[in-house]
Amino acid sequence: MSKLSFRARALDATKPLPVFRCEDLPDLHEYASINRAVPQMPTGMEKEEESEHHLQRAISAQQVYGEKRDNMVIPVPEAESNITYYESLYPGDYKMPKQLIHLQPFSLDTEQPDYDLDSDDDVFVAKLKKKMEISLLQFEEMIDRLEKGSGQQLVSLPEAKLLLKEDDELIKEVFDYWSRKRKNSKAHSLINIIKQEKRDGSSTSDPYVAFRRRTEKMQTRKNRKNDEASYEKMLKLRRDLSRAVTILEMIKRREKSKRELLHLTLEIFEKRNVMSDYGGEVLAEVLAERALVRPQIIPLVPLTNQYHMDHKDYKSKVSSEKTEVPRQKRKYEKKQKALPLSISAAHHQGPAVFNAKDLNQYDFPSSDEEPQVLGSSEAEEENDPDGAYAFRRKAGCQYYAAHQDRVGAWPWSPGWEGGLAHSRYCYSLTTLTVPRRCQGLARRRLGRGGRVLLDRAHSDYDNVFHELDPKTLDCATKTLDCAPPPSGSCSPAASKFASTSPINTSDRSSSSPPSDLSQILLSIKACRWRHFRPRTLPLHQLDNAHPLFRRLSRSIKRPLTNIGPSAQPLTAEQFQQHQDQLVQMQKEQLEQQQQLQANRATTVSANTLDQASAQFAASALVTTEQILALKTKEELSLGGGVNGILTPSGVYKGLHLSSTASPSLAAPAPPATLSSAASLHPGSATNATPPCSTNSNNGTAHHAGPTTTNATQVPLGNSLRLAVPAGKRVHAPRTLSSAMSASALKLAHAAAAANCQKPKVPSSTAASPLDIVPR
Amino acid sequence: MTKMADSGSSVEIVEGCRLPVLRKNQEHEDEWPLAEILSVKEVSGRKLYYVHYIDFNKRLDEWVTADRLDMKKLQFPKKEAKTPTKNGLPGSRPSSPEREVKRKVEPVPLVPQVPPAPPVPSLPTSTEASPAAVFPAARETNAFKSREDHEQISSLTTNGTARRLIPSQPGRKRKANCGPTDEMIKVLQYNKPQSASVFLPPPEDSQDSSDGIPSAPRMTGSLVSDRSHDDIVTRMKNIECIELGRHRLKPWYFSPYPQELTSLPILYLCEFCLKYLKSLKCLQRHLTKCNLRHPPGNEIYRKGTISFFEIDGRKNKNYSQNLCLLAKCFLDHKTLYYDTDPFLFYVMTEYDSKGFHIVGYFSKEKESTEDYNVACILTLPPYQRRGYGKLLIEFSYELSKVEGKTGTPEKPLSDLGLLSYRSYWSQTILEILMDLKPDNGERPQITINEISEITSVKKEDVISTLQYLNLINYYKGQYILTLSEDIVDGHERAMQKRHTRIDPKCLHFTPKDWSKRGKW
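Line by line, the protein sequences give chains C and S. Numbering follows our numbering, with no gaps: position 259 of the first sequence is 259. Offset between the second sequence (1-based) and our numbering: plus 1000.
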């Protein structure tokens, strides 16, 4: 039977093996012969060693006796454990921590020197101690540094002096000692270290070299592809590194500029202090002069480029003179003659008014939040398709996410437009702080970045409104942002406008009879009329506005007190020059107008106007306006950005005024002339002509002199008149009419800028044109 | 052959000579085992001979004086380099004075003569087993001996700069046990200038890569079984004595401590950081700066005074290297060729008021491709034969249990390693078998896989242990396990001696998946 199963199956590890006690299987021995079926497993030892005498003896002893016998164990060299000085060598005060020991990272990095002083050193140090002060640790540190500072070549004495912080005498002593010791030593280093592998591979078999790095041996020969790839990687690395260098360089420049800015600002501040210019009048004046110069290039210089400067200027509110000067030059070169307006003194720049914001300007944006500004406008332009209109974070501002779900549902939009028709935003009487006047009916809107825009509406009561004395209103409405009036108490006019759609207002057929002034006043006082007056915002609030606007608005920030004799007068000569040019320009304009009128329907490209003419056009506009202002002292004084409120700008979305005025009439100034008929509305034109307050003529009275102004006066007058009806329209300035060509915008801009630069022009005058700035 | 009338001895004893050498056995009786002279040196006028007792482990090699040599039975290395013989340990001769002489005499080194059968029974095998050829003959000092063997010719380049041996192949029996990975260890090139004098006409070897760059050992594992690149230097102990804490240890094997320290009578080690120092003075200075009182790792186990610390060979290179250097003194097959990065070190300590004293350790590859759960394992000599080894082994399997894997120690095992592991395996398996309860009247039964799963001992080791214990029997058409009375008694006695055990509850260990961590 046993023979049958001689060929035992292989042992199956997954098969259960019954466990027996031998005594239960008396017949087991009968089967013993086939046990060899289980293959012998290797022991895992080297064969040679496996056969070693002592091991075999131990194994057999174990099999015989079932356990190890003391005299059968494998003999090993003996060890002793009776070091007598052990107790004194190691302190015996160690307490076992209660918790498992957890090694803190880096806790092993002690600053202790690796070198341990030996008895020779001890003798030397003891001797040295008589001469100078040195501790054992100090000595060890010195040797340690010397050793670690030495590669193939020993550290020299001068190097040692650099390496060691001790005084020279000590260094000399220790160095000499070390050099001697080092020379006498066979070892590679006084700090005993394991031999390192050599790079050339010659140490592969050196038994004393240990712990070789496991990096694969370089196999450049075997894969050249790898070579190529690494070469490319190196190139890329180099590129990246050099880019980093460039960026750092730029940062350096930027930081330098910031420092310069700081110093300049400080200087300005000190100067102002010396001059007692506490109100900022002098500054404002100087600024105005500066403004004269700056915008002149706007039309033709690439927008972004220009913008960069402005933006930067704006950020700091002070542009460096450096940037300013070249610009001027550029302009003059083109013009071939110096403008009278360029007054060298005008370049001094500084904050218009010293206010809290100016302090904040030293909270410079940190390097990472501000892209490099200097010298790279080109590059930035590429990366930045939005150009001047790109969103830029401002330090210290909080931004909220856009309400995606509420686009169009503005609180000021009437219900049928999907708006909320919030009562706070319905049309109401509005008074601005500067000029301090009731503006008539207007409603507020929130523009980008939290700017408050005012949409004005025309009503038949306008005249009455304008005559309202703000002072009386003051007492009537203490609350700046007036509380909702008792419902239903709105006057007919107010209620009408409160719910006006532009469409409604456009038909004015149902004009109610003008009411008595006092009646209205009463109504206001009784809070039957909504009346809005802005809080007196600090001037710098304007900073939140759109950059382009902001830049320009700087000039407006001058307090009204600024105007006056103190302003820098033009010399007669300069003026004369200018006037001559104007005459020339206006002739051209007239010609062009006629041309235009001939083919009014066709759009005329704005590009025909060169920079120079644009400038002159702008000046012409100003001039005429001022003249006009002398005569018509009234109306339409729109509160400028002073109040942090934008006056309405011309276009209402989808409702272009095509009828009221012909473009040519509306635009006596080249900007209008050149723009396509559809794109520049009388409204805008109107806004562009700042109504002058009476006191504005101080410095400009003599402008009336030139005969040529008459020619423009007429169309201008027209435009103004025409503009009034335009004002009736409810404007939604936010929507930039797509029809408005870029050139038109530029020109309008130019015109506005031109206004700004007139030092004599009161700030309020300058304010309104700003609104034309494209949004 | 080379005789030199030299300093009084009529016969010059050179490396490679064999003769009986007096030594005391464990019973302190004299015995005269046959030994081979590996090296000769002269200290203050007296000659000292480094002898390897044939068939004894290398750890018993020692320097002996001339009076312990039985010159009457001296056998010179055999001249006719025919088949090699016993030179399992070929190749090692350090420089000897008569080198020049020899050179004149015989241009070609000889293979020592085959000695008569050594007293030890195992001799025949060993003879066979040693493919002498594999050893590089060139030693730095004397280039002469090279031995080749029939089956494989070791090739030496004549120019002397490099000689390469081919590991090989058929002749090499010692590889039999090793995993496949072991086989391919290449012999290193010997690049010593001195070897230029070697005159072995080498057949040009074709096997090695042509670029002349010697190949390095494989990068995995911690042990080397192919000794073909051993040279005389590594065959001899180089450190006389190591002082570690309260202990003085006599190293068993070569360890690559800085060479300038090898001539010291005592090498001092800091007990806690294991830094090596050349003098007691240095040690004292070091101790003022070293504030370690335990191995610099995380304690992952503590019960009573026994703790285990886990040290990452990459994060704590200094300690890991120091530990390896120390361990190499007692582990023949350990290689320190490469850095310690891919290993974790588990150091077992015993606490007293001076700190956590190292008792032993084992290292472990972070990622093992061959189910190794231990790379090197060592109980320091002063703590040996007291159950600590078993504790270390037990702990290594506890880690494997946590990891949910089975594991096995890296091969080759040493003699002591084999005994310890066998003993551990036997006890562990017997423990399970004896605990098996009859299952509702049926014979209790168990599969090998089940044993493996319960113990984390790799299946092959379970089988080999069952075999070794002779428990597997084929009975009536099936395999059964039988427990004899002897086995049961022996086991019970052995278990009584295992008073200290690893308590899994005291282990705080979370295995990491090293494969996800880039390069260790």
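The hints are simulated quantities; they were obtained by calculation from the structure and are not laboratory data. Because the structure is a prediction, the values reported are computed rather than measured. For glycine and all other residues, C-beta sits at the position ideal for the given N, C-alpha and C. There may be inaccurate statements among the hints.
[Said to hold, decoys possible] Taking lysine-lysine pairs in the DSS-like style, the calculated list, with each CA pair at most 30 Å apart, reads: (1) S:Lys1278 - C:Lys127; (2) C:Lys161 - S:Lys1289; (3) S:Lys1281 - C:Lys130; (4) C:Lys161 - S:Lys1354; (5) S:Lys1354 - C:Lys98; (6) C:Lys394 - C:Lys258; (7) C:Lys129 - C:Lys186.
[What the hints assert, rightly or not] Footprint (simulated), chain S over chain C, 3 or more residues, beta carbon under 8 Å: (8) 87-94; (9) 122-134.
Cross-check of the supplied hints:
no.	hint	verdict
1	S:Lys1278 - C:Lys127	23 Å, holds
2	C:Lys161 - S:Lys1289	25 Å, holds
3	S:Lys1281 - C:Lys130	21 Å, holds
4	C:Lys161 - S:Lys1354	41 Å, violated
5	S:Lys1354 - C:Lys98	16 Å, holds
6	C:Lys394 - C:Lys258	16 Å, holds
7	C:Lys129 - C:Lys186	28 Å, holds
8	87-94	holds (count 6)
9	122-134	violated (count 1)
Consistency with the previously given hints fails for numbers 4, 9, ordered from lowest to highest.
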